[in-house]
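Given chain X's structure and the hints, the job is docking chain Y with the ligands onto it.
2 protein chains.
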Amino acid sequence: MKTIVFGGDGFCGWPTALHLSARGHEVVIVDNLSRRAIDAELGAESLTPISSIEERIAAWHEVSGRTIEFVDLDLAQDPEGLLALIARTAPDSMVHFAEQRAAPYSMKSAGHKRYTVDNNVNATHNLLAAVVESGLDVHLVHLGTMGVYGYGTAGMKIPEGYLDVQVTATEDAEGNPVDPYPIDQQILYPTNPGSIYHMTKVLDQHLFAFYAKNDRLRITDLHQGIIWGTNTAETKQDERLVNRFDYDGDYGTVLNRFLMQAAVGYPLTVHGTGGQTRAFIHIQDMVRCVEIALANPPEAGDRVKIFNQMTETHRVRDLAALICEITGATMELVPNPRQESPENELHVVNATFLDLGLQPTTLSEGLLLEVEETAKRYRERADLSRIPARSLWNRTTHEGVPPSLAGTEAGAAGPAAVPTAAGR
Amino acid sequence: MKTIVFGGDGFCGWPTALHLSARGHEVVIVDNLSRRAIDAELGAESLTPISSIEERIAAWHEVSGRTIEFVDLDLAQDPEGLLALIARTAPDSMVHFAEQRAAPYSMKSAGHKRYTVDNNVNATHNLLAAVVESGLDVHLVHLGTMGVYGYGTAGMKIPEGYLDVQVTATEDAEGNPVDPYPIDQQILYPTNPGSIYHMTKVLDQHLFAFYAKNDRLRITDLHQGIIWGTNTAETKQDERLVNRFDYDGDYGTVLNRFLMQAAVGYPLTVHGTGGQTRAFIHIQDMVRCVEIALANPPEAGDRVKIFNQMTETHRVRDLAALICEITGATMELVPNPRQESPENELHVVNATFLDLGLQPTTLSEGLLLEVEETAKRYRERADLSRIPARSLWNRTTHEGVPPSLAGTEAGAAGPAAVPTAAGR
Ligand SMILES: NC(=O)c1ccc[n+]([C@@H]2O[C@H](COP(=O)([O-])OP(=O)(O)OC[C@H]3O[C@@H](n4cnc5c(N)ncnc54)[C@H](O)[C@@H]3O)[C@@H](O)[C@H]2O)c1
Ligand SMILES: NC(=O)c1ccc[n+]([C@@H]2O[C@H](COP(=O)([O-])OP(=O)(O)OC[C@H]3O[C@@H](n4cnc5c(N)ncnc54)[C@H](O)[C@@H]3O)[C@@H](O)[C@H]2O)c1
Numbered sequence: 001m002k003t004i005v006f007g008g009d010g011f012c013g014w015p016t017a018l019h020l021s022a023r024g025h026e027v028v029i030v031d032n033l034s035r036r037a038i039d040a041e042l043g044a045e046s047l048t049p050i051s052s053i054e055e056r057i058a059a060w061h062e063v064s065g066r067t068i069e070f071v072d073l074d075l076a077q078d079p080e081g082l083l084a085l086i087a088r089t090a091p092d093s094m095v096h097f098a099e100q101r102a103a104p105y106s107m108k109s110a111g112h113k114r115y116t117v118d119n120n121v122n123a124t125h126n127l128l129a130a131v132v133e134s135g136l137d138v139h140l141v142h143l144g145t146m147g148v149y150g151y152g153t154a155g156m157k158i159p160e161g162y163l164d165v166q167v168t169a170t171e172d173a174e175g176n177p178v179d180p181y182p183i184d185q186q187i188l189y190p191t192n193p194g195s196i197y198h199m200t201k202v203l204d205q206h207l208f209a210f211y212a213k214n215d216r217l218r219i220t221d222l223h224q225g226i227i228w229g230t231n232t233a234e235t236k237q238d239e240r241l242v243n244r245f246d247y248d249g250d251y252g253t254v255l256n257r258f259l260m261q262a263a264v265g266y267p268l269t270v271h272g273t274g275g276q277t278r279a280f281i282h283i284q285d286m287v288r289c290v291e292i293a294l295a296n297p298p299e300a301g302d303r304v305k306i307f308n309q310m311t312e313t314h315r316v317r318d319l320a321a322l323i324c325e326i327t328g329a330t331m332e333l334v335p336n337p338r339q340e341s342p343e344n345e346l347h348v349v350n351a352t353f354l355d356l357g358l359q360p361t362t363l364s365e366g367l368l369l370e371v372e373e374t375a376k377r378y379r380e381r382a383d384l385s386r387i388p389a390r391s392l393w394n395r396t397t398h399e400g401v402p403p404s405l406a407g408t409e410a411g412a413a414g415p416a417a418v419p420t421a422a423g424r
Numbered sequence: 001m002k003t004i005v006f007g008g009d010g011f012c013g014w015p016t017a018l019h020l021s022a023r024g025h026e027v028v029i030v031d032n033l034s035r036r037a038i039d040a041e042l043g044a045e046s047l048t049p050i051s052s053i054e055e056r057i058a059a060w061h062e063v064s065g066r067t068i069e070f071v072d073l074d075l076a077q078d079p080e081g082l083l084a085l086i087a088r089t090a091p092d093s094m095v096h097f098a099e100q101r102a103a104p105y106s107m108k109s110a111g112h113k114r115y116t117v118d119n120n121v122n123a124t125h126n127l128l129a130a131v132v133e134s135g136l137d138v139h140l141v142h143l144g145t146m147g148v149y150g151y152g153t154a155g156m157k158i159p160e161g162y163l164d165v166q167v168t169a170t171e172d173a174e175g176n177p178v179d180p181y182p183i184d185q186q187i188l189y190p191t192n193p194g195s196i197y198h199m200t201k202v203l204d205q206h207l208f209a210f211y212a213k214n215d216r217l218r219i220t221d222l223h224q225g226i227i228w229g230t231n232t233a234e235t236k237q238d239e240r241l242v243n244r245f246d247y248d249g250d251y252g253t254v255l256n257r258f259l260m261q262a263a264v265g266y267p268l269t270v271h272g273t274g275g276q277t278r279a280f281i282h283i284q285d286m287v288r289c290v291e292i293a294l295a296n297p298p299e300a301g302d303r304v305k306i307f308n309q310m311t312e313t314h315r316v317r318d319l320a321a322l323i324c325e326i327t328g329a330t331m332e333l334v335p336n337p338r339q340e341s342p343e344n345e346l347h348v349v350n351a352t353f354l355d356l357g358l359q360p361t362t363l364s365e366g367l368l369l370e371v372e373e374t375a376k377r378y379r380e381r382a383d384l385s386r387i388p389a390r391s392l393w394n395r396t397t398h399e400g401v402p403p404s405l406a407g408t409e410a411g412a413a414g415p416a417a418v419p420t421a422a423g424r
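Protein chains in written order, with the UniProt record's numbering: chain X, 1 to 424; chain Y, 1 to 424.
Next up, chain X with everything else stripped away, as it sits in the complex:
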């Protein structure tokens, strides 16, 4: 199986590339290294020391005897190069991670909003148009987010992408009025994204639906929860293979930032009441899910396959409490810079991956290891001034929250709930 991993230098893409390579896939990594450039822009850095992509690939060859090809290419900017690459490599499948993925970063300024929309929409659309143009039958697996669902609906579990609804018909086939009768439909779950970043994943969904219908492309969209954990079986094998651990206000997810605060003996800063519920999945389970998705493609002509890729949900304050328990840290409540509901429930269907054999790593088991092997191990490298989130969602949150207090909970990829009906 030949597989291109777009965004294969990133936090999810790199361990996925290694996981697939270890299992015999012929892997090509495509990345424009923009995530490294954003580190420079933000003056931030992964807590773990990240080698250059060339060193990473060389180390993997040393450790495993396997070869990964790297292509430096911008999906959004170089459609011709992209088509040439697809034609040359003729892959069986592609995994698409190559997007700007931090919600706070996407809200920093008008320029950051524009970059996120332009980069993500064009990256995804260029990929789809290139597959059609190539004439090849390639299975595309995309990393989406649980955040497209927004709030969910009280009383209902969030289904895997499609929602059963009933509408009321009042006409017969010729348009004459008749007694109202119900019609059952299955629709794409009405979206309610909480940031520009999450909104780009909503736009992606509609691009996929169109190309699956019009061109019979085979597409799987993984609605992923917030990843926790740093390393997988492969990235642990050599320090040059180590994965990113982001803890800054833009890219650090809620869990990493709590871990970092705990490791350096600071109180954990929880936004608002900490009542927001988020969905999580361990990085080792993530790479396994991608492997499972690749092994179970849709047929040409099928609608987009959507899986919920998460294994547990937690309220932010419960997560903080769990980390306090393990580490002895304390917690502190600060105002929330996000435009969102202070408390929300989140119940999610994730049956497909469980049925296909996924055996989840649970937070309560894995968290201690994460504290010891990552946060404490590298804490000398930490720059604590980078932890606070400085992106505010709009004028209201700008007025309500002094930037210095705009705390550290803003996870980069969870569903950001807002106090409006789902589907608005």
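Because the hints were derived from the structure by calculation, they are not lab data.
Keep in mind that a hint or two might mislead.
Said to hold, decoys possible - Listed next, with one range per pair, are the computed distances between beta-carbon atoms:
no., chain 1, residue 1, chain 2, residue 2, range
1, Y, 136, X, 24, 55 to 63 Å
2, Y, 178, X, 73, 51 to 59 Å
3, Y, 24, X, 136, 53 to 61 Å
Unchecked claim - Here are some chain X residues pointing at chain Y (derived, C-beta under 8 Å):
no., residue
4, 113
5, 126
6, 156
7, 163
8, 175
9, 183
10, 187
11, 394
Glycine is no exception: its CB is placed at the ideal position from the N, C-alpha and C atoms.
Chain Y with the ligands alone, transformed into the frame defined by chain X:
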């Protein structure tokens, strides 16, 4: 009232600018003249002779004594210029026509698909981000399309943007299983766009929903049917003010192409069985609708106001029959290059504009005038080789239809129905 008309050199934008100027709006036209460049690319031209934008504006000043400012600016490419313009002019409202709007053009090649997505998404998003950045309270009226609804649902009228649905809940607020109970919701109508162009209008919808919610922008989205007719009360006043009449395979709508064929004594070429139903509105009614929408803005914090901007629906073959009756032309059935259902019903709610005072021009009244005043009057300028549609929707339609036969029905902006359930 100060109003910026984005895309004000185009088929809809120009008569709208004049209509608003005649009614006392201080009008600024912003356009990058890309539509004129596309004419050059396609080797096509409006049947009516179009003056330069400078001549048009000078003629309007002569005729009416009123001044319109013109700014040559690309919304998708020059966000800084856009912000500066908004800050300098401080408009009360904006009308946004500045997108690539032909479905066949959007399907011509991978490059045309990419251009349409990149241009339309970035134009709309840059506008939204700039309004937020400017800090001004501006009402934005956008021209969307009936085509976002796709097929509609048999037995139901298409509502104005939002659909009432019922979902079945099975849990109480804490997530414990209970007897199933129904929950009523109102959601954005599930979309089913028939081309890349129509899909960009779906993406626009989600951009609007986000900015209305997160930044309390005031936005009205007009889901417009296919425009027919060429001139309005203002564009008739001087030949230098005349509006476009496109009849080529990419930009010519179904009606214009029938009119052109009739005017030169050719048979009207109808795709498939001609059973597709489309929604129509006269150009004079369109400019009036925009004026009405501007006078009835939503409040800050409201969801996006969506109006269906159409006044009648017709099956394509009935339209052809009507024109044959008026002109004595004949009709001919040719294979359909589009991926769509051969026959569809279309019932549409358009109560808002009627309630607000719109008095529609009907096709049966206005069509004869259109034949005489436009198609016959300028028929010497026609290049008949431009009439056939050469864009095929995908590999299937590529195989099924020889390009020479890919007939002339492909209207540029109607709902292109596809044989899948709405909401896929
Ligand atoms: N990390 C999470 O918790 C999480 C949760 C849900 C979904 N996701 C999704 O998974 C995907 C990967 O996330 P991540 O955490 O690995 O992010 P990341 O930023 O670490 O990795 C993304 C990679 O894509 C590359 N890239 C971005 N734009 C590109 C372009 N135009 N051309 C080529 N390369 C480009 C970047 O350089 C980077 O290496 C994203 O789409 C994200 O939305 C992540
Ligand atoms: N004509 C119809 O039947 C119809 C039907 C439904 C909806 N609409 C919508 O109405 C709007 C106007 O349609 P039209 O028929 O007048 O099309 P048009 O192509 O004649 O006009 C669009 C104008 O926008 C300009 N433009 C495009 N991209 C731009 C950019 N990036 N920056 C600045 N200017 C740009 C073009 O130069 C052109 O003058 C479109 O959004 C279209 O989707 C039209």
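We went through each hint and held it up to the structure:
Judged by the Cβ atoms, the range 55 to 63 Å given for residue 136 of chain Y and residue 24 of chain X holds: they are separated by roughly 58 Å. The hinted range of 51 to 59 Å is satisfied by residue 178 of chain Y and residue 73 of chain X, whose Cβ atoms lie roughly 52 Å apart. With their beta carbons about 58 Å apart, residue 24 of chain Y and residue 136 of chain X fall inside the hinted range of 53 to 61 Å. For residue 113 of chain X, the interface hint holds, the least distance from its beta-carbon to any beta-carbon of chain Y being 5 Å, beneath 8 Å.
Because the closest C-beta pair between residue 126 of chain X and chain Y is about 6 Å apart, less than 8 Å, the hint holds. For residue 156 of chain X, the suggested interface contact is upheld, since its CB lies about 5 Å from the closest CB of chain Y, less than 8 Å. For residue 163 of chain X, the suggested interface contact is upheld, since its CB lies about 7 Å from the closest CB of chain Y, less than 8 Å. For residue 175 of chain X, the suggested interface contact is upheld, since its CB lies about 5 Å from the closest CB of chain Y, less than 8 Å.
Because the closest C-beta pair between residue 183 of chain X and chain Y is about 6 Å apart, less than 8 Å, the hint holds. At its closest, the beta carbon of residue 187 of chain X sits 3 Å from a beta carbon of chain Y; the interface hint therefore holds under the 8 Å criterion. The criterion of a C-beta within 8 Å of any C-beta in chain Y is met by residue 394 of chain X, whose closest approach is roughly 5 Å, and the hint holds.
Comparing the model with each earlier hint shows no violations; every hint is respected.
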